[in-house]
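Visitor: Going down the list, the sequences are from chains X, F and Y.
Counting in this note's numbering, the first sequence tops out at residue 318, every number present.
Counting in this note's numbering, the second sequence tops out at residue 142, every number present.
Counting in this note's numbering, the third sequence tops out at residue 1042, every number present.
No lab work stands behind these hints: they were computed from the structure.
In this text, a Cβ means the ideal position worked out from N, Cα and C, and glycines have one as well.
Incorrect hints may appear among the rest.
Claimed, not checked - Stretch by stretch, here's where chain Y covers chain F in the computed footprint (C-beta under 8 Å, at least three residues):
| id | stretch |
| --- | --- |
| 1 | 55 to 69 |
| 2 | 76 to 90 |
Unchecked claim - Just the calculated beta-carbon pair ranges, DEER-fashion:
| id | chain 1 | residue 1 | chain 2 | residue 2 | range |
| --- | --- | --- | --- | --- | --- |
| 3 | F | Y4 | Y | C952 | 35 to 43 Å |
| 4 | X | A111 | F | E102 | 30 to 38 Å |
| 5 | Y | E796 | X | K213 | 31 to 39 Å |
| 6 | Y | E945 | F | Y4 | 30 to 38 Å |
| 7 | Y | E945 | X | S5 | 27 to 35 Å |
| 8 | F | D83 | X | L114 | 12 to 20 Å |
| 9 | Y | K792 | X | L114 | 43 to 51 Å |
| 10 | F | D105 | X | G147 | 39 to 47 Å |
| 11 | X | S5 | F | D81 | 28 to 36 Å |
| 12 | Y | N912 | X | R81 | 38 to 46 Å |
| 13 | Y | D996 | F | A134 | 38 to 46 Å |
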Amino acid sequence: MSSYKKTRIEALAKRLRAGDPRALGRALTVVESGGDDALALTEALAGAFGEAHIVGFTGPPGAGKSTLLNALIHEWRREGRPVAVLAVDPVSPVSGGAVLGDRTRMGAHSLDDGVFIRSVSARGHLGGLCEAAHDMADIMDAAGWPLILIETVGAGQSETEITQVADLSVVISAPGLGDELQAIKAGILEIGDLLVVNKADRDDADETAKHLEAMLSLRSGAKRNISVLRVSATTGRGVSRLKDEINQLLETTGVAVGADRKRKRDARKLRLAVLRFASRISAGIPDEDFGSMRPEEFDRAIERSLAFLSTEIDD
Amino acid sequence: MAYPERVLVTKIGFDGHDRGSRVVAAYLRDAGMEVIYTPPWQEIKTVVKLAMQEDVDVVGVSSLATDHLIMPDLIAALRDADMDHVRLVVGGIIPQNEQPELMDAGVSAIFGPGATSEEIVETVRQLAVEARAARETAEVA
Amino acid sequence: MSKKASNTNAATLKDKQAEWKVRYDKEIGQDRTVINRSGIEVRPLYTPLDWSDSRYGEDLGMPGELPYTRGIYNTMHRGRTWTQRQLIGLGTPQDYNERVRMMLQQGASAISLIPCNSSFRGIDCDESPLPLLGTCGTVINTVDHMDAALDDVPIGEISTAMNDPTPFTLFAFLLSVAKRRGVPFDKITGTANQSDYISHFVANHMFYRLSQPGARRVFVDHVKFCREHVPNWNPVSVVGQHMQQAGATPAETMGLTLSTAIQYADDCIESGMDPDNFLPRFTFFFDISISFFEEVAKFRAGRRIWAKIVRERYGAKDPRSWRFKFHGQTSGVDLTQQQPLNNIARVAAQAIAGIFGGLQSMHTDGFDEAMACPTEDAARIAVATQNILREEAHLCDVIDPLGGSYYVESLTNEMEEKIFQVMDTIENAGGMYNAVDAGIVQRMIGKSALEYQSRIETGAEKVVGVNCYQSEVEDREVDTYRPSRDAMEAQVTAFKAFKAARKQADVDRALDELARAANGSENVYQKVVGAADNGVTHGEIIACLRRELGFGHPLMVA
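Can you build the whole structure from these sequences, using the hints too?
Guide: Here's what the structure looks like:
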């Protein structure tokens, strides 16, 4: 990388650490786009990651996630806690473009300096949506945002994988969405640390909650004992309690989460790098990242990947 | 283009009719762009914030009645926030005699009812390139 | 139709038509397929094979009785012409007053008031950017403003329409003015145009007024209040105009509007009201596009369907409940900025469709509607258009003149089918609120809007002066209306002075009562009216209700 470019990236990193919102917007684009600049920026910000809590929200379309998120943000803001949000919108399968309108449901916070919302389209990110979201969350982390919410549509596999980026996953369901079994098939329930039934004011909400509780009992292990909370995002009922539950879960796993997440984060990055690397080799596609890598870097990347793979096997 | 054009489509002022801006948002999406779409009635400071958070290249403002009269306020606000690399377009109904003033104030293009989807997409694409170049220049300075 | 014609042997007719078709095909060569805006194919010829008057009794009946296809009243326009209710809204209350008096002189028989956009946003003039005040409506924030706007206008004798969504502050100001002038409430006639917050939500985005549950509450309280205290006022106007302007096809519009009306009727019933109490005061408000026959068919079908619904779904027994009363406004969406004087012709065509559709009152647009608030000239021509159609073209002389037309009756039936399809979609979604929540309505409208725009771009849909018959000659510059800056500044200054001079104790108490009602079970609208009496401003009333009942949330569907 030219020194000119490097200087620009370092200047951006500096402004980011200083809390410049414009820099954050810029930095998010840089890492989302991947490539040299992204790598350089990540390097420049090394050591600044790992402070924030990341909470993932997913669930079938129509469950009212955005509205619930909006209400939750209100609650956290009342506590004085700054919140950053990544709102993932589906992409047009035809053109690859997207109309990102999810954040409008959180529009009430648009003038609050303690809230930062960024829209992400589920487009063909290098390495997948998961990695892009991960990188973007890291950037928000480095910029000093202590709480980062990631909201996804939860309609497909890649969206549910986003929750791997998070310390805590909240799965939001609602009555009347059709086949609950569908949700199970998509693996949504498997990943939840907290299950929420929104639109609790509806008559059939209880039934939905019981249904979910029954399914949970079929799980094995620790994830059996998670709560199913009933909320109504539009009336506010139960939202404060949900916020408290989330806060508590983040707290109790707090210390472990911090260090554990750092490790998980690094492992994930490596895994994704290896997968990307492997697929490129096999597809014979020249990749600009790897094209510009120096041989030593290349070797080191291979070594790290192999080392990581062997630790995984040992586990 | 390293990544898709990012365009904010919005309405400032008081009018709520957004049929046109929805159609344009769809055109831009179908052309592969990422469109951040807002409801009408956005305050100017909100638009500036959105432009910043979403790191947009172009801001498209839809104005059918008289809301274009406060475009200069938006332009000034973007400048104050160091966001004047962002290119501005206005679409809708703007009286002929009020257009030169808008362009002088800093609007890059005005689309009337006869504008085709092609024209709009091409212009926005071009302006996104300009915006990114302008930003780079500004960053170096 | 003569007896001879109605006894035509169907087989012979079929042969004759087949013969004609052969001749037709030969001559026309490559025929074009014509599909109207609602997606119905329009053929070159209609005969008794498509609709014959053996169906007269079932499909048409007489005016003033079920199924009401030919009109809701026995005499229709021949007995009483449609109300010429021109929408007026500009500048300061004084500007409004000047214009409304001119219009009444020119032949308007009723008035309509549309407030400044800042008002729709929910704020007062001292909170708005000055250049945006009074450009699209009149600034009315207090009872004094309303008084000035209606100076010398006999509100006890003329029907007024207030274009104001929940919480209907304009109407509250009107009632305060009535009190001041000693006009008893039962003399106040007119309609709460724009009371339909669902249509605002999906097509005009005025949801920032109040949250949906809040709007619902105030809407019902308003209906109850009016039924009790202002019996000759129509508190409900279900608005099809917004959806059609946003891109819904005429059939979709009618379907969505009727579904919305059903939702409101359900809400009223849930609150304990008797259908025959409120249904006679349910009215509708539609756009009239230039797709001439489609509009006529749309209205006739709508009339027939509504009569069916109120009887079957609500068991309404009073014939007044069965009547589909509607106001039509010529569609501004069909008007062009290019060659604006052409719009005079367009408006005339739209108006005729509305008249043949059997509307009860009408607003015709000024030719400069696409650009701005109408200038005096444009407003005058708009009213003259209606006068000409009535006096010179004699359009009032025959009731439902297109009735019995093979085309129009076939089309009416086909439109009815399409309308029912839309209503079924909404019903299956669980009603209008649910359909809106799920984005079904917004997507439907957006899809149609995009399709229509594509047709314009490809030239499949022709618009004179825009994609055909463009003029090389420079369009003559049309004066655009802008309120006097000085007058507006003076208005804002006077408004601030008004607030300073009020009895603050009265204001505070009125707002407390309003807040208390919002949190309890008292009639909220009663307190809105009380607040208006005590000098509370539009913005203050709305701020209070937003606080207590919730701010509206945007619902965005890409």
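Visitor: All hints are to be evaluated individually against the structure, with a verdict given for each.
Guide: Right, here's what the structure says about each hint:
{"no.": "1", "hint": "55 to 69", "result": "holds (count 3)"}
{"no.": "2", "hint": "76 to 90", "result": "violated (count 0)"}
{"no.": "3", "hint": "F:Y4 to Y:C952: 35 to 43 Å", "result": "holds (40 Å)"}
{"no.": "4", "hint": "X:A111 to F:E102: 30 to 38 Å", "result": "holds (34 Å)"}
{"no.": "5", "hint": "Y:E796 to X:K213: 31 to 39 Å", "result": "holds (37 Å)"}
{"no.": "6", "hint": "Y:E945 to F:Y4: 30 to 38 Å", "result": "holds (36 Å)"}
{"no.": "7", "hint": "Y:E945 to X:S5: 27 to 35 Å", "result": "violated (54 Å)"}
{"no.": "8", "hint": "F:D83 to X:L114: 12 to 20 Å", "result": "holds (19 Å)"}
{"no.": "9", "hint": "Y:K792 to X:L114: 43 to 51 Å", "result": "holds (49 Å)"}
{"no.": "10", "hint": "F:D105 to X:G147: 39 to 47 Å", "result": "holds (40 Å)"}
{"no.": "11", "hint": "X:S5 to F:D81: 28 to 36 Å", "result": "holds (32 Å)"}
{"no.": "12", "hint": "Y:N912 to X:R81: 38 to 46 Å", "result": "holds (40 Å)"}
{"no.": "13", "hint": "Y:D996 to F:A134: 38 to 46 Å", "result": "violated (58 Å)"}
Checked against the numbered hints given earlier, the structure breaks hints 2, 7 and 13 and satisfies all the rest.
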